[in-house]
Amino acid sequence: MHQRTGASASGTRLVKRLLAAGVAAAAMAVSVSCAATQNIEFWTMSLKPKFVPYFESLVKKYEATHPGVTIEWVDFPGDLIQTKLVTRIVAGKPPALVNLNVPWAEEYARDGLIMPVDILMGTAKSTYVKAAIDDLTFSGKIWGFPLYSNVTVIACNTSLLKQAGLTRPPRSLDEQLEFAVRIYEKTGKAGYAPALSKPDGFMLQQGLPIVENGRAVFNSPQHVALVKKLAAAYQAGGILKDHLFAEDNFPTVIAAYNGGRLAMLTAPPAALNRIETDAPDVYAITKVVPAPLGPTGIVDGGWLIHFAVPVGLDPALLPAVADFARFITNDENQLAFAKLANVFPTTVAASNDSYFQKLSAHPNASEQAMAVGAESMKQSRTLYVAGIEDYDELRRALVNAVEAGMTGKQNVKAALDAAAALWNKKLARQAHQG
Amino acid sequence: MNHAFRQSLRAYLFLAPALVLFAVFAFWPVGYGSYLAFTDYSLIRPPHWVGLDNFRTIFENDMFVTGLRNSLLFLLIVPVIQIGALALAVLTNNQLPGIRLFRAAYYLPVVTSISVVGIMWGFMFHEQGTLNYVLLQLHAINAPVGWLSDDAIALFAVMFVTIWRGLGWYMVMYLAGLQAIPAEMQEAAILDGATRWQRFWRITVPMLKPTMMVCTVMSVLAALKAYQEVLVLTQGGPLNSTFTALYYAYDQGLKHLKLPRGLAASFVVSVCCIAIMLPCLHYFRPKHR
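Just so you know, the sequences run in chain order P and X.
Each residue of the first sequence is one higher than the one before, counting from 1 in the numbering used here.
Each residue of the second sequence is one higher than the one before, counting from 1 in the numbering used here.
No lab work stands behind these hints, which were simulated from the structure alone.
Keep in mind that this is a model prediction, so the values were computed, not measured.
Just to be clear, a hint being listed does not mean it is correct.
Said to hold, decoys possible - Heads up, simulated EDC-like pairs for lysine to aspartate or glutamate below, C-alpha to C-alpha not over 20 Å straight-line:
| no. | chain 1 | residue 1 | chain 2 | residue 2 |
| --- | --- | --- | --- | --- |
| 1 | P | K426 | X | E60 |
| 2 | P | K425 | X | D62 |
| 3 | X | K255 | P | E389 |
| 4 | P | K409 | X | D62 |
Bound conformation, chain P alone (with noise of 0.2 Å):
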């Protein structure tokens, strides 16, 4: 048996001492280290290059007043950022927030690949207007935090209005489709471009719904009607026929507005910046009106846009990137971006902000739109049909019925009847799976 010595056992006991400090510093230092990598990694959509000083300058700002926390900014054009999205959720790396709008989060919370952010939001609540949480609320909890909205206002070129001898904008959508006849009539440019790859929106804006009680119902008398109304301005020449019922038709619409070939042009108040860049002519004889709200009071072109938190971030991560998302959305950083982006803040004190309530004494067009869209933005709301599978496809099936009818190449009850029919049989039969 082998006996140790007083000194060697002392000595082993320092050297045992010295190990376990050592442990333990590294630990601390592990711990530490940790905590100081807290990375916050956020995606927003078609910002960049315009917005690069403004988030630059905002994560500087937040990670002087937060060390320990890096955050790293990525932006995605908007026909990407899903693929990237779903791609990083099942590598099991997601960002810790990203930019989506309406539909699309409605989507995401249905097959659980965003999270609900109740608790994150807490007491935050309460600076959003309520129609973005009422926006963003399904299933009865709210699945991200809003950052910007949009409506939409009608940019009139006057000389084209002078021309037609009107001199008032249009107070509904009746005046807007006679309006746009006439213009026609009298200069042979196009009035009105209305969204119709979106006709889902644009008839549950006039009050009429899509679905009720589990079947489509857009082939009722009123819908007809509607789609009728559509049909004679677009073969009376009124309704700009370019890209008319193509997915994206802005691109189109706002060159053909450009080029003086289309009289009003409803769009969101940032197109105004655009027109001012690239048709200052244009843009010097453009007057700003509020698009006339439907029989439901809501305003066409709401979109909100907000920030949603993806499932399967580490949850030790959680109250950091709630405290980032809370910032990126408050009033101070909402208004800030509003003013650069021409949007609305979803915030109640930055929309209540005297930038969106005074005009100067001779308002350019986009002070004009920025004032007319706030005063809309009160009646704004994301018009979608949420809760069915494949949507894109049955909205397809829509699009086109309101294309044959409208092009006069099919009766547009019989269209609607045909897509409606189609519709039907896709829901049963989701009903029946579910």
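Since chain P is already given, all that's left is putting chain X on it; use the hints.
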């Protein structure tokens, strides 16, 4: 180990680096993609075998059926593009002053970005665009034509742009073929008293047969796989009339993330390509080895 075996082994060793790259970046994705066409699959759940369900779904869909029909209709551009490219190659094969400028001009559409092509032809084709303006000024039409908004003609407008884009590429191929024909053969034929037409049919065309094969194969594949022009000009409209099978695959698979449908549509396009290419290759195969 006999000599022939060693020779083959050496050849495969030389081929190996390229084959490995092909295996990783072509054969595996094609094989796995084909397998996924027979599964129910999304990025958030693993694939599970559903047999022909995806094919049943796409063939029940008007957009795909129309797209497939349009893809086959797109084959009409093959003879037009081949004859046009050959004619341009013959014309630009002459040593005239400034001929390089013409060659470059005809080739320009090939190197023009598809986005620019979309914007430019969009301006040309829209109802108040350049084309209608010129035709109205010439009194060739009474009212603006909806080149891209009339479902009866939109597909042909898109096909025209495809021809316009491809002509320069095939012209260069034919030009290379023409310049590879030995001048002595033409000179001998001239001495024998052959006319220009006879020289073209008896010497130029037969000597160009390998080039014709390559160009035909490439243009048939390009026609069946057309989708970029659709994307930038019409997005499948009006009334789905310009949908092609591959545009449907893109629309479903990449735009709406319905991957099994997109893959099934791509699979059908591939089968069509093979079915059409085999007789072409058989027709052009060398008769004498």
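Each hint, compared with the structure:
1. P/K426 to X/E60: Holds, at roughly 12 Å.
2. P/K425 to X/D62: holds, 15 Å
3. X/K255 to P/E389: With Cα atoms ~15 Å apart, X/K255 and P/E389 stay inside 20 Å; holds.
4. P/K409 to X/D62: Since the Cα atoms of P/K409 and X/D62 sit roughly 16 Å apart, the hinted pair holds (cutoff 20 Å).
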